[in-house]
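Novice: Protein chains in written order, with numbering that gives the first Met the number 0: chain A, 0 to 286; chain B, 0 to 286; chain C, 0 to 286; chain D, 0 to 286; chain E, 0 to 286; chain F, 0 to 286.
These are computed hints drawn from the structure, not numbers from a lab.
It is possible that part of the hints are untrue.
Straight-line Cα separation of at most 27 Å, BS3-like style, residue types lysine-lysine; simulated pairs [claimed, not checked]: (1) E:Lys-6 / B:Lys-69; (2) B:Lys-117 / C:Lys-69; (3) F:Lys-281 / F:Lys-11; (4) C:Lys-69 / C:Lys-250; (5) E:Lys-164 / E:Lys-184; (6) C:Lys-42 / D:Lys-132; (7) D:Lys-182 / C:Lys-132; (8) A:Lys-185 / E:Lys-281; (9) B:Lys-5 / C:Lys-283; (10) B:Lys-69 / A:Lys-17; (11) D:Lys-182 / F:Lys-169; (12) B:Lys-117 / A:Lys-17; (13) B:Lys-6 / D:Lys-281; (14) A:Lys-281 / B:Lys-5; (15) E:Lys-281 / F:Lys-169; (16) B:Lys-11 / F:Lys-17; (17) A:Lys-17 / F:Lys-132; (18) D:Lys-5 / F:Lys-169; (19) B:Lys-5 / D:Lys-182; (20) C:Lys-6 / C:Lys-69; (21) A:Lys-17 / C:Lys-5.
Bear in mind the structure is a predicted one, so any value in this text is a computation, not a measurement.
There are 6 protein chains.
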Amino acid sequence: MAYIPKKLIEQKLIQFLKEDIDYGDITNELVPNIPVIANLIAKQDGIVCGVKFVKILLEVLGIHVNCLLKDGESIKTGDIVLELRGKSKPILTSERTILNLVMHLSGIATQTRMFVKKIEQSGLDIIIAATRKTTPGLRYFEKYAVIIGGGDPHRWSLSDTILIKENHLKLLGDKAIETILKKAKKKASFSKKVDIEVENLVELKIALKFSPEIIMLDDFSIHDIKKAMKIVQDISKHDKPLIEVSGGISKHTIDDYIIPGVNIISLGSLTHSVTPLDFSLKIKERS
Amino acid sequence: MAYIPKKLIEQKLIQFLKEDIDYGDITNELVPNIPVIANLIAKQDGIVCGVKFVKILLEVLGIHVNCLLKDGESIKTGDIVLELRGKSKPILTSERTILNLVMHLSGIATQTRMFVKKIEQSGLDIIIAATRKTTPGLRYFEKYAVIIGGGDPHRWSLSDTILIKENHLKLLGDKAIETILKKAKKKASFSKKVDIEVENLVELKIALKFSPEIIMLDDFSIHDIKKAMKIVQDISKHDKPLIEVSGGISKHTIDDYIIPGVNIISLGSLTHSVTPLDFSLKIKERS
Amino acid sequence: MAYIPKKLIEQKLIQFLKEDIDYGDITNELVPNIPVIANLIAKQDGIVCGVKFVKILLEVLGIHVNCLLKDGESIKTGDIVLELRGKSKPILTSERTILNLVMHLSGIATQTRMFVKKIEQSGLDIIIAATRKTTPGLRYFEKYAVIIGGGDPHRWSLSDTILIKENHLKLLGDKAIETILKKAKKKASFSKKVDIEVENLVELKIALKFSPEIIMLDDFSIHDIKKAMKIVQDISKHDKPLIEVSGGISKHTIDDYIIPGVNIISLGSLTHSVTPLDFSLKIKERS
Amino acid sequence: MAYIPKKLIEQKLIQFLKEDIDYGDITNELVPNIPVIANLIAKQDGIVCGVKFVKILLEVLGIHVNCLLKDGESIKTGDIVLELRGKSKPILTSERTILNLVMHLSGIATQTRMFVKKIEQSGLDIIIAATRKTTPGLRYFEKYAVIIGGGDPHRWSLSDTILIKENHLKLLGDKAIETILKKAKKKASFSKKVDIEVENLVELKIALKFSPEIIMLDDFSIHDIKKAMKIVQDISKHDKPLIEVSGGISKHTIDDYIIPGVNIISLGSLTHSVTPLDFSLKIKERS
Amino acid sequence: MAYIPKKLIEQKLIQFLKEDIDYGDITNELVPNIPVIANLIAKQDGIVCGVKFVKILLEVLGIHVNCLLKDGESIKTGDIVLELRGKSKPILTSERTILNLVMHLSGIATQTRMFVKKIEQSGLDIIIAATRKTTPGLRYFEKYAVIIGGGDPHRWSLSDTILIKENHLKLLGDKAIETILKKAKKKASFSKKVDIEVENLVELKIALKFSPEIIMLDDFSIHDIKKAMKIVQDISKHDKPLIEVSGGISKHTIDDYIIPGVNIISLGSLTHSVTPLDFSLKIKERS
Amino acid sequence: MAYIPKKLIEQKLIQFLKEDIDYGDITNELVPNIPVIANLIAKQDGIVCGVKFVKILLEVLGIHVNCLLKDGESIKTGDIVLELRGKSKPILTSERTILNLVMHLSGIATQTRMFVKKIEQSGLDIIIAATRKTTPGLRYFEKYAVIIGGGDPHRWSLSDTILIKENHLKLLGDKAIETILKKAKKKASFSKKVDIEVENLVELKIALKFSPEIIMLDDFSIHDIKKAMKIVQDISKHDKPLIEVSGGISKHTIDDYIIPGVNIISLGSLTHSVTPLDFSLKIKERS
């Protein structure tokens with residue numbers, strides 16, 4: 000995943016904590032601030048994700064964190080993922096923030112891994128990719144979890160790759176695809192790839208003439224995707240664009256989309272429909 | 000819901016947008032910046048939530064927003080929720096941020112309303128409440144969606160109500176419940192309610208002696224909840240605390256928890272397991 | 000007091016320092032940056048408050064702080080409160096910020112303690128509470144000082160307790176008290192207490208019917224407060240609300256307000272009319 | 000006073016408001032959001048200060064503000080200072096923040112004016128100046144109030160004028176005054192004045208030799224100040240430094256310090272010992 | 000150039016202004032705040048850049064801005080670029096900030112255009128590109144000026160394109176180029192291009208085998224660049240990577256680098272060695 | 000230079016780094032994170048400046064920095080200025096930010112020293128001063144570099160010294176100089192110096208009557224400067240103001256401006272026309 004120094008993530012994590020602390024933890028004033036050991040324990044099987052961030056945040060609070068399992072590892076119910084040593088007050092005060100983060104990110108990583116496994120079983124070389132359908136404010140964290148699960152982050156932001164969609168084409172009238180792909184050649188930075196969403200086989204053929212780096216088949220039927228694969232093969236010998244399929248693909252239907260020639264399957268649900276993976280934080284004993 | 004002046008939410012919404020814009024929308028430089036009309040359209044039935052925020056954000060960008068449906072109203076597939084009039088570039092650039100927010104919040108409101116409806120059908124006066132199991136950074140927005148759906152936000156943060164949980168009690172050794180409830184009487188601000196989580200009927204009886212405002216029955220079986228209701232009735236005549244039940248309650252099991260005497264059912268899943276409600280933004284025409 | 004991890008206060012304290020440093024300490028460039036010992040010394044008797052924050056700030060600057068006296072302890076003129084060891088430049092540069100904070104907060108704590116003592120001498124169990132009449136930007140710090148002095152912080156913010164005042168009632172026309180207290184029952188979160196300000200005995204009687212958790216007698220004469228105490232006793236046997244008195248109470252008049260039945264005396268002057276407690280910072284020697 | 004565009008103060012004022020609003024005004028959800036007229040009314044005689052900031056903040060919230068009296072004008076109990084027209088909710092939600100700011104700043108301006116009047120009555124040309132003994136976070140606002148009251152802000156920050164104090168001299172050993180004043184000549188920017196604090200007449204005589212722009216007589220007795228005035232006259236014919244007196248001067252003792260030859264009297268109490276001037280905000284009617 | 004809504008740039012521009020205003024403009028208090036007309040006038044020939052930002056900032060300050068010339072247009076000494084109408088104080092206070100920004104950015108645009116012109120004259124299709132050698136804090140603005148001048152922004156940040164340089168290779172030991180290009184194929188996101196810097200013809204040949212999208216010839220002699228062009232032609236028929244040349248190219252030497260086959264010439268000096276274009280702001284008359 | 004605690008600069012430096020890191024360093028994920036030694040090496044002769052900031056930033060990232068040469072020292076091509084020891088990833092990720100800062104600031108310091116040397120050779124006591132013509136956002140850093148080079152920072156901001164310029168005078172009509180200098184005497188803080196820009200000898204004579212602390216001869220010919228020096232000598236015996244000359248002075252013409260009686264030569268080009276001093280960062284070996 001893209002490297003970011005700890006210090007730069009720290010501020011965002013502290014903001015997450017602040018949201019919960021507000022004017023202070025008023026329950027905490029009723030308990031002693033004594034040294035304790037506490038464990039972060041898995042309550043479901045899956046892929047753990049987010050402990051890297053938990054460690055950064057807790058160390059800022061003066062808590063020693065021992066990572067028994069790292070982001071990306073498989074966990075089973077009952078596994079101790081982290082062992083914390085520190086004062087009871089900061090542990091209690093950060094408990095919910097930590098759990099919210101780890102449960103959400105592990106949910107994403109677990110779901111992503113499930114899709115990646117299906118591809119691996121097929122023997123084909125298809126990338127499972129996220130989209131920009133992320134929870135506001137959590138783009139970096141959710142894409143990180145996708146990568147940890149084995150997926151591709153796709154565009155981090157609107158600055159990242161040129162991605163031409165239906166609403167763009169609507170602004171350009173007739174011959175919109177030609178117009179915009181020509182303009183992209185001329186005006187877009189050489190350092191960026193161009194990805195264009197097409198709605199049908201006719202649009203696909205037009206797009207192929209301008210050799211964009213990526214073509215996304217949006218909401219194509221399985222039948223049409225197969226036709227599209229043939230068209231692509233025929234037209235672009237040396238310069239075949241990457242083919243991305245997207246739109247309404249779920250764990251129930253993905254198997255149908257694992258089609259030779261498809262390079263990328265992108266799934267909004269990786270990040271927008273997250274079932275958290277359950278964890279608990281237990282204070283074990285006074286240390 | 001708790002009133003916040005628009006200006007104070009604006010900054011957070013702009014931050015959401017910035018996360019996507021980064022160094023600028025590089026696809027947008029390939030299309031003209033012309034006046035258009037665009038619609039936000041429901042693609043599923045449910046409760047709409049978040050259009051209040053979308054309106055604030057888009058107006059900051061100079062886009063006129065006509066709200067055809069407001070937060071909390073029922074929507075059907077195909078309903079036009081918002082009509083936007085403005086320049087094409089800011090609309091295209093904010094499209095994804097807007098959709099991510101509305102889809103997430105409408106998902107929460109829709110799910111909450113479903114639970115609230117079940118209570119209404121029972122004829123009992125039970126509150127459906129959220130928890131602090133929210134997505135990091137979105138506490139205010141997600142609790143807002145719960146309220147819009149008809150639920151109670153419960154604690155906004157650790158400053159909000161004294162809520163004594165298992166990990167607190169572990170720090171206090173023998174007679175932990177007595178100790179902490181006495182201390183709360185003495186040291187906590189008169190302006191705050193006290194809520195205590197009990198794990199079994201014995202703990203419940205102890206807690207009742209100190210008349211906290213709220214007692215939460217944590218992970219109680221249906222059988223034990225019913226027993227608990229009797230105990231509460233017997234012991235606390237004039238000063239009955241509010242009874243909150245919590246722990247592993249889902250849409251499949253909630254009916255069993257609708258028990259006379261229960262005042263609140265709190266559900267982490269309202270905010271942590273969100274299935275978004277689908278919407279799309281369509282540029283309709285040049286205005 | 001409400002627990003907040005050090006790291007979360009650090010940023011606010013650094014902001015206080017920045018306000019003074021601006022483009023740098025231009026006098027400091029004329030002196031050597033040598034190791035010194037310096038003392039924070041009381042120049043008046045009272046209650047010390049704020050050394051917890053000074054320690055956090057100075058440690059950020061690399062200065063070792065030895066707390067000889069802690070927040071809440073009584074101090075006498077000449078007492079050494081803190082012993083600092085570190086480089087001369089950061090000590091000189093932060094001197095004024097530190098003194099401004101400690102003098103202001105100790106002034107509040109000292110004044111609060113004086114009121115609390117008066118209550119203790121009366122033998123009654125009355126709470127001395129602050130209000131939201133705090134200096135802009137210093138809410139957390141000033142309420143902290145009130146708690147250190149033995150007082151109750153009352154509401155930290157408008158999110159904290161429902162407090163219905165004259166201006167609210169004016170918006171509701173006839174039967175405003177009935178209307179709003181009924182609405183509060185129905186719409187306010189179960190997790191919040193309701194406090195209502197009444198202007199006279201008639202309003203008090205109306206309010207009592209709806210059993211709010213707290214009733215504030217606003218600017219009542221001593222005579223009326225005593226009458227009010229009788230009314231409360233008569234009407235609300237089992238469910239007596241907390242009675243708060245407020246309005247123009249000073250150190251000269253407080254004794255009159257220490258009346259059986261009163262639960263809380265709230266005082267804006269605790270935080271808005273602060274006479275600082277004097278301290279000085281003396282560089283003692285090269286260490 | 001130093002000119003700052005409105006937009007740049009807006010952010011600080013919004014922060015003040017945020018401190019009170021937190022997760023939203025929960026009382027406000029019980030009242031209608033209707034158009035009202037409200038008045039800010041003086042409850043004491045004095046000098047009004049801060050309405051400039053109130054106007055900026057309220058306009059951000061969509062409230063129309065009519066200033067009947069401006070910062071610096073004399074007010075009498077009962078005077079209407081501002082007339083507000085707008086929706087009831089933003090007015091109620093900002094009420095406390097506005098009052099806290101205006102009461103604090105008017106307290107400072109009123110006190111400053113009182114000192115300035117005393118000087119005016121003496122017929123001498125002496126400046127009443129503030130110090131850096133301000134409330135943390137409020138430096139700009141409190142110095143503004145001093146200026147409004149007729150005083151001089153003195154240093155805004157440590158970057159503002161070279162001010163050499165006792166703790167600086169302690170770092171320099173023998174001949175500290177000579178050493179540091181020579182160094183200042185050589186190393187300090189030509190754009191800055193040099194102010195040096197002296198503790199006695201001997202130090203004064205040394206300082207005079209190096210012609211700093213300002214000499215502060217720190218905690219001098221009236222008797223010594225008069226002697227100092229003679230020394231200054233004798234030694235520095237053409238190049239007389241400004242003479243500042245400071246240390247423990249109050250409204251009870253100031254008359255003694257109004258001595259010919261003194262140029263500046265600086266008073267920490269102008270900003271650190273503030274008795275607020277009382278105001279109230281009354282919703283008058285539905286507009 | 001990459002589209003960013005005005006509101007999102009506003010904050011950065013206000014920060015630039017704040018840096019200069021600090022505690023307020025103390026000279027401004029000596030002049031009246033009257034309506035004036037002022038002109039921004041070119042004092043040198045070149046390409047204007049930055050007026051888009053000036054307009055945003057000044058409108059925030061309530062000043063009406065009439066753009067007579069837009070970013071990217073050629074200007075001659077004496078040309079009026081902007082006509083401002085507004086109060087004198089905000090104009091005077093923002094004068095320096097505005098001039099500093101426009102002069103710096105116009106300097107960049109002018110220099111870039113000069114290089115672009117040289118390419119145009121050659122008839123070849125070579126891109127003039129910036130680098131990440133920008134002034135800290137000004138990346139967005141300086142790259143914007145490069146685009147306005149007709150150049151390509153190249154990478155906005157380290158997240159933007161994979162760019163493998165000498166220091167990366169040093170970490171990988173033998174066969175570093177092979178290793179890293181294979182790894183990039185496998186691990187880097189499909190949405191990113193890969194650019195690799197090679198130091199000599201041997202490295203070039205190795206790199207070519209792995210078909211990265213871009214190869215940068217770092218500090219190659221003219222002679223070697225020509226040899227490289229031949230090698231590229233021979234090896235990569237269908238899949239020719241873009242060839243970027245970089246290193247020590249100046250306006251004096253650029254002509255030699257305009258070699259057929261070269262796709263991009265990247266120049267650190269576009270942004271790190273900026274000679275500002277001179278402008279002045281003249282208050283013309285009272286409006 | 001003006002002292003600022005490290006912690007307060009840290010945040011600005013981290014912001015510089017963040018601008019480059021954005022969503023993470025995507026090239027860095029292709030190399031191992033191993034311990035290395037790296038050197039910052041001079042590639043040109045000059046004065047080094049900025050290593051103080053580099054050290055602060057790198058230590059935040061966990062890298063040990065050994066400063067072989069300090070800000071202000073002369074360096075020769077090939078000199079190792081810093082030796083870094085730490086993990087490879089943070090070093091690679093911060094490389095460009097560090098180099099951009101050091102190269103820019105060393106460029107300023109080197110140029111400033113060159114001017115200062117010219118003065119030293121003349122034997123006169125003239126100050127080389129910067130102006131407010133700095134790069135937006137870099138005021139503090141660029142003025143720091145000027146000081147390191149031996150120059151005077153002049154005004155840090157508009158709050159710093161009263162500096163009356165042509166545009167101010169235009170607002171005041173007839174007798175503008177008299178009017179504003181009288182007003183300054185009366186209204187400006189005693190703690191500030193007054194600097195006035197004059198355009199010709201007539202204005203100079205008027206200004207001299209009001210004894211401002213500094214008079215700036217703006218764009219005067221050499222001939223007129225010499226005349227001015229005589230006028231100053233004649234008129235102001237005891238109270239001679241500092242004389243600053245400014246306007247279009249370059250390294251080619253400065254010698255002519257080194258005239259007895261001139262106190263300050265201020266140069267916008269010190270900070271606005273910066274040729275960076277070249278450095279490179281080389282990873283030397285695995286440590």
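Novice: Can you confirm whether the C-alpha distance between A:Lys-281 and B:Lys-5 stays at or below 27 Å?
Specialist: violated (40 Å)
Novice: Holds or violated: C:Lys-42 with D:Lys-132, Cα cutoff 27 Å?
Specialist: holds (16 Å)
Novice: Under the criterion that the straight-line Cα-Cα distance not exceed 27 Å, is the pair A:Lys-17, C:Lys-5 satisfied?
Specialist: holds (12 Å)
Novice: D:Lys-182 and F:Lys-169 were given as a pair; does the straight-line alpha-carbon distance stay at or below 27 Å?
Specialist: violated (39 Å)
Novice: Has the given pair, D:Lys-5 with F:Lys-169, been kept, meaning a C-alpha gap of at most 27 Å?
Specialist: Holds - the C-alpha atoms of F:Lys-169 and D:Lys-5 are around 24 Å apart, at most 27 Å.
Novice: If you draw a straight line from the CA of C:Lys-69 to the CA of C:Lys-250, is it 27 Å or shorter?
Specialist: holds (26 Å)
Novice: Quick one, are E:Lys-281 and F:Lys-169 close enough, alpha carbons at most 27 Å?
Specialist: holds (10 Å)
Novice: Hint check: E:Lys-6 vs B:Lys-69, CA-CA at most 27 Å. Holds or violated?
Specialist: holds (26 Å)
Novice: Under the criterion that the straight-line Cα-Cα distance not exceed 27 Å, is the pair B:Lys-5, D:Lys-182 satisfied?
Specialist: violated (54 Å)
Novice: Taken at face value, is the distance from the CA of E:Lys-184 to the CA of E:Lys-164 at most 27 Å?
Specialist: It holds: about 17 Å lies between the C-alpha atoms, which stays within 27 Å.
Novice: Holds or violated: F:Lys-281 and F:Lys-11, Cα atoms, limit 27 Å.
Specialist: holds (25 Å)
Novice: What's the verdict on A:Lys-17 and F:Lys-132, does the C-alpha distance respect the 27 Å limit or exceed it?
Specialist: Violated, because 39 Å separates the two Cα atoms, which is more than 27 Å.
Comparing the model with each numbered hint stated earlier shows that hints 2, 7, 8, 9, 10, 11, 12, 14, 17 and 19 do not hold.
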